[in-house]
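S.K.: Sequence:
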Amino acid sequence: MDKIPKVVWFEDVGKDDIAQVGGKGANLGEMTRAGIPVPPGFIVTAQSYFYFLEKSKLTTEKLADKIRNLLSSLDPNDSHKLQDVALEIKFLLNTAYMPEEISEEIARAYKEMGGGLVAVRSSATAEDLPEASFAGQQRTFLNVKGEEEVIAAVHGCWASLFEPRAIFYRAHQGFDHLAVGIAVPVQRMVQSKVSGVMFTIDPLTSDKGKVVIEAIYGLG
644 MDKIPKVVWF
654 EDVGKDDIAQ
664 VGGKGANLGE
674 MTRAGIPVPP
684 GFIVTAQSYF
694 YFLEKSKLTT
704 EKLADKIRNL
714 LSSLDPNDSH
724 KLQDVALEIK
734 FLLNTAYMPE
744 EISEEIARAY
754 KEMGGGLVAV
764 RSSATAEDLP
774 EASFAGQQRT
784 FLNVKGEEEV
794 IAAVHGCWAS
804 LFEPRAIFYR
814 AHQGFDHLAV
824 GIAVPVQRMV
834 QSKVSGVMFT
844 IDPLTSDKGK
854 VVIEAIYGLG
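If you're matching positions, the sequence shown starts at 644 in this note's numbering and goes up one per residue.
Hints in this document: simulated from the structure, not taken from any laboratory. Don't take each hint at face value.
Here are the computed distance ranges between Cβ atoms for each label pair [said to hold, decoys possible]:
id : residue 1 : residue 2 : range
1  : D850      : E744      : 45 to 53 angstroms
2  : L760      : S849      : 34 to 42 angstroms
3  : I679      : D708      : 41 to 49 angstroms
4  : K658      : S722      : 31 to 39 angstroms
In silico BS3-like cross-links for lysine-lysine, where the CA-CA straight-line distance does not exceed 30 angstroms [what the hints assert, rightly or not]:
id : residue 1 : residue 2
5  : K724      : K709
6  : K733      : K754
7  : K733      : K700
8  : K788      : K698
9  : K851      : K836
10 : K700      : K754
Virtual Cβ for every residue (Gly too), placed ideally from N, Cα, C.
Taking the hints into account, I'd like the entire structure generated from these sequences.
M.R.: As structure tokens, this is what we get:
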């Protein structure tokens with residue numbers, strides 16, 4: 644893990660780093676490098692997530708092995724069983740011990756950023772593929788403050804990779820649940836009057852000649 648970055652800053656990543664920081668993280672890096680006014684932040688890399696899965700143990704069983712065993716016999720079309728398995732996996736991920744080399748690096752970066760209120764966001768490494776899209780399936784935590792709270796929110800983002808809808812989608816798309824990584828951008832909160840999203844292609848008609856902006860007052 645020493646040679647693999649646990650945490651990277653927005654300005655240090657770009658579109659070539661999607662495997663490390665996910666689609667959202669890579670785009671934040673590209674915009675920061677381009678000089679667009681982006682609230683500053685850092686990204687807990689997907690490698691940190693995989694390291695956490697590999698090193699965390701539940702008594703004598705590795706966390707990754709436990710998750711794989713829970714999913715191996717799951718019929719994703721059985722909604723009740725899907726909910727039960729998702730709850731158990733999320734509990735395991737939220738409560739498993741995070742290796743100190745990761746938690747200490749998160750705390751250090753948060754301090755270096757000046758502390759205060761941050762958004763802790765999910766950035767899956769397979770968010771926007773030509774044949775599948777994982778965007779919007781994981782969680783975001785807003786107005787998070789304090790080192791322990793930020794670390795807990797990172798746990799929550801990791802756990803959200805196993806929301807029932809995410810498990811169902813991966814199963815039907817043929818993705819290995821434990822091969823999909825997740826990075827976690829931690830970004831300074833801003834006091835927003837308006838928030839929203841801009842689509843450079845009409846999301847309903849796929850018309851490339853239209854730009855669609857959806858916005859509301861407040862955080863969104």
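S.K.: Give a verdict on every hint.
M.R.: Quick rundown of the hints versus the structure:
1. D850 <-> E744: 45 to 53 angstroms: holds (48 angstroms)
2. L760 <-> S849: 34 to 42 angstroms: Between L760 and S849, where Cβ atoms are some 37 angstroms apart, the hint holds.
3. I679 <-> D708: 41 to 49 angstroms: holds (43 angstroms)
4. K658 <-> S722: 31 to 39 angstroms: At 37 angstroms between Cβs, range holds.
5. K724 <-> K709: holds (16 angstroms)
6. K733 <-> K754: With a Cα-Cα distance of about 28 angstroms, the restraint between K733 and K754 holds, given a limit of 30 angstroms.
7. K733 <-> K700: This hinted pair holds, its Cα atoms lying about 15 angstroms apart.
8. K788 <-> K698: Satisfied, since the Cα-Cα distance of roughly 27 angstroms is no more than 30 angstroms.
9. K851 <-> K836: holds (29 angstroms)
10. K700 <-> K754: holds (29 angstroms)
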